[in-house]
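J.: Sequence:
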Amino acid sequence: MTTTIRYPIFLIILFALIMKACGSTQDTVIVVRDAPQVETTERDTIPETEAEEFMQLNIGLIDPVTNLDPLYAHNLSTKRVLSLIYQGLVTLDRNGEPVPAIAREINISDDGREYTFTINRDFIYHDSPVFPAGIGRRVHAADVQWAFMRAAQRDFPEDASNLIMGIRGFENYFLEQRTVFDPDLRVLEGVTGIIVVNAETLVIELMEEDPEFLRKLASPLLFIYPREAILNSEQGIKTRPVGTGHYRLNRIENNGNIILSRVDRQQNMQTANRPRINRIDMIRPENETSLFQRFAAGDIDLIPEIGPEIMQQVTDANFNVQAAYRDLYNITPHNSARSVTFFVNESAAINHDWLKNRIALLTSEDIPIQGDIILNNDHLELYEESVPEENYYLMYTDDYIARTAYGVLNSLIFQPESTLVFFDIRVPTRTTSLYTKSDNSVTREWTKTDNGYWLRIDQKIVSLYKRHVTGIEPSAAPWLLHIENVRVQNRD
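Quick note: the sequence shown uses the working numbering, first residue 31, plus one each step.
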């Protein structure tokens, strides 16, 4: 007996007519639409009906978004952008439970080691120059296989590979790709546990049962894209993403703003849960102060995740809006959190006796960040005679929680004897004394956590938005915006 997860199929008359015109389907990657092309007029560009009002949503981001390739999705803001452009085999619902996305049906064997995915081939990739005639094609089971195998290549971070390392044959393929540098000496052509049966059927075999496997597949790191977007484009998908989501990249402006446009019916046959927002501008100011100023000025409608400074200013301890802002803003606390862990770099070529002495004096009350403060400094040995370094260098990070905490610690326990200084490298080196790792409440459940940390901060994800924005509901999926329910009313 197998477990089956199904996705409701919506019958669309237009789709039925197209399928009838195309005749029988073939196990092929290329799809050519045979609908006649008509001249586009202003009337044709009306989003859905004449009565539909054009809606634009300006979103303020707390992290920089520098790469739209899912394999580089290293922060929550990037994952939020990618979740509008791409999809994975599965996604998470508001309770954080996996539900089908590109896969419309999932069968799981009794022993929990074999997953059979039926691909919903109604999904069509966004139109792009990477395809013949610029016309997007249907999703194919081979796209999943190719995207997963690409994750193993040595040019990419290991994060995506770690999620699927339990697939039979993946670890061997991963290790060969990463350690056998001469391609002529490699013998593995693929991953034995990823089997493309036909265009709509994919089988994944695990070495052992993994109850979290579907939730791992929902990660933005494992979003699916066509190989043409890599092979037929010099820029790849870093700046020219091609996905199956409700939105496509319109442009990246010189100031870094990312403009997304909703995909119309002709570009995607999936209209179920189609959002009403026509355009989304992703705005990332230079710091948290500027983020709130632009929000207050009306440049930004929604901040999906506020940082510690804004949270302290706008909310109380129970995540209610402070009285001064109650008539202006709304907030929605989510059932998810961002986690930042702090470490002493024991590999550094620096004497850390004085630094550890200072850290050992900390209490959770010393860190004025709204969230769960977990101090693990009891193991730090105290040294009676220790001399401070003039500067202690920190691994560079964009994370607002980490930067805020470092600022507090610098003034509280380091100055005037010493100073914390950011080193402009994003990995720990022999020069850096402290470093951080960022995570979230979903991925932390299966990520190996180094117990050597001395501080961890878990801050609840809280959305702040103007009163003309509605439909922001609590979610346990930290990177999903659930944009299908969001509306933007009169801004005046």
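Some clues are possibly wrong.
[Stated by the list, open to error] Derived DMTMM-like pairs: lysine to aspartate or glutamate, alpha-carbon spacing no greater than 20 Å straight-line:
#1 Lys467 x Asp357
#2 Lys490 x Glu419
#3 Lys496 x Glu475
#4 Lys268 x Asp294
#5 Lys490 x Asp189
#6 Lys490 x Asp396
#7 Lys490 x Asp346
#8 Lys386 x Glu376
#9 Lys467 x Asp123
#10 Lys490 x Asp429
#11 Lys268 x Glu239
#12 Lys386 x Asp428
#13 Lys467 x Glu447
#14 Lys496 x Glu83
#15 Lys268 x Asp157
#16 Lys268 x Glu283
#17 Lys490 x Glu395
#18 Lys268 x Asp329
#19 Lys496 x Glu376
#20 Lys467 x Asp428
#21 Lys268 x Glu376
#22 Lys496 x Glu514
#23 Lys467 x Glu514
#24 Lys386 x Asp357
#25 Lys496 x Glu283
#26 Lys496 x Glu395
#27 Lys386 x Glu339
#28 Lys386 x Asp346
#29 Lys496 x Asp311
#30 Lys496 x Asp357
#31 Lys467 x Asp157
These are computed hints drawn from the structure, not numbers from a lab.
J.: Next, verify each hint and record whether it holds.
T.: Evaluated hints:
1. Lys467 x Asp357: violated (37 Å)
2. Lys490 x Glu419: Distance of about 35 Å is beyond 20 Å: violated.
3. Lys496 x Glu475: violated (33 Å)
4. Lys268 x Asp294: violated (23 Å)
5. Lys490 x Asp189: violated (23 Å)
6. Lys490 x Asp396: Cα-Cα ~19 Å, so holds.
7. Lys490 x Asp346: holds (13 Å)
8. Lys386 x Glu376: Since the Cα atoms of Lys386 and Glu376 sit roughly 11 Å apart, the hinted pair holds (cutoff 20 Å).
9. Lys467 x Asp123: violated (26 Å)
10. Lys490 x Asp429: Distance ~14 Å between Lys490 and Asp429 Cα, so the pair holds.
11. Lys268 x Glu239: violated (34 Å)
12. Lys386 x Asp428: Not OK: Lys386 and Asp428 at ~24 Å, beyond 20 Å, violated.
13. Lys467 x Glu447: Status violated; Cα separation ~27 Å.
14. Lys496 x Glu83: holds (19 Å)
15. Lys268 x Asp157: Distance of about 17 Å is within 20 Å: holds.
16. Lys268 x Glu283: holds (14 Å)
17. Lys490 x Glu395: It holds: about 18 Å lies between the C-alpha atoms, which stays within 20 Å.
18. Lys268 x Asp329: This hinted pair is violated, its Cα atoms lying about 26 Å apart.
19. Lys496 x Glu376: violated (46 Å)
20. Lys467 x Asp428: Given pair Lys467, Asp428 holds - Cα atoms ~11 Å apart, limit 20 Å.
21. Lys268 x Glu376: Violated - the C-alpha atoms of Glu376 and Lys268 are around 35 Å apart, more than 20 Å.
22. Lys496 x Glu514: OK: Lys496 and Glu514 at ~18 Å, within 20 Å.
23. Lys467 x Glu514: violated (32 Å)
24. Lys386 x Asp357: This hinted pair is violated, its Cα atoms lying about 46 Å apart.
25. Lys496 x Glu283: Status violated; Cα separation ~24 Å.
26. Lys496 x Glu395: violated (32 Å)
27. Lys386 x Glu339: Cα-Cα ~27 Å, so violated.
28. Lys386 x Asp346: violated (33 Å)
29. Lys496 x Asp311: holds (15 Å)
30. Lys496 x Asp357: holds (10 Å)
31. Lys467 x Asp157: With a Cα-Cα distance of about 37 Å, the restraint between Lys467 and Asp157 is violated, given a limit of 20 Å.
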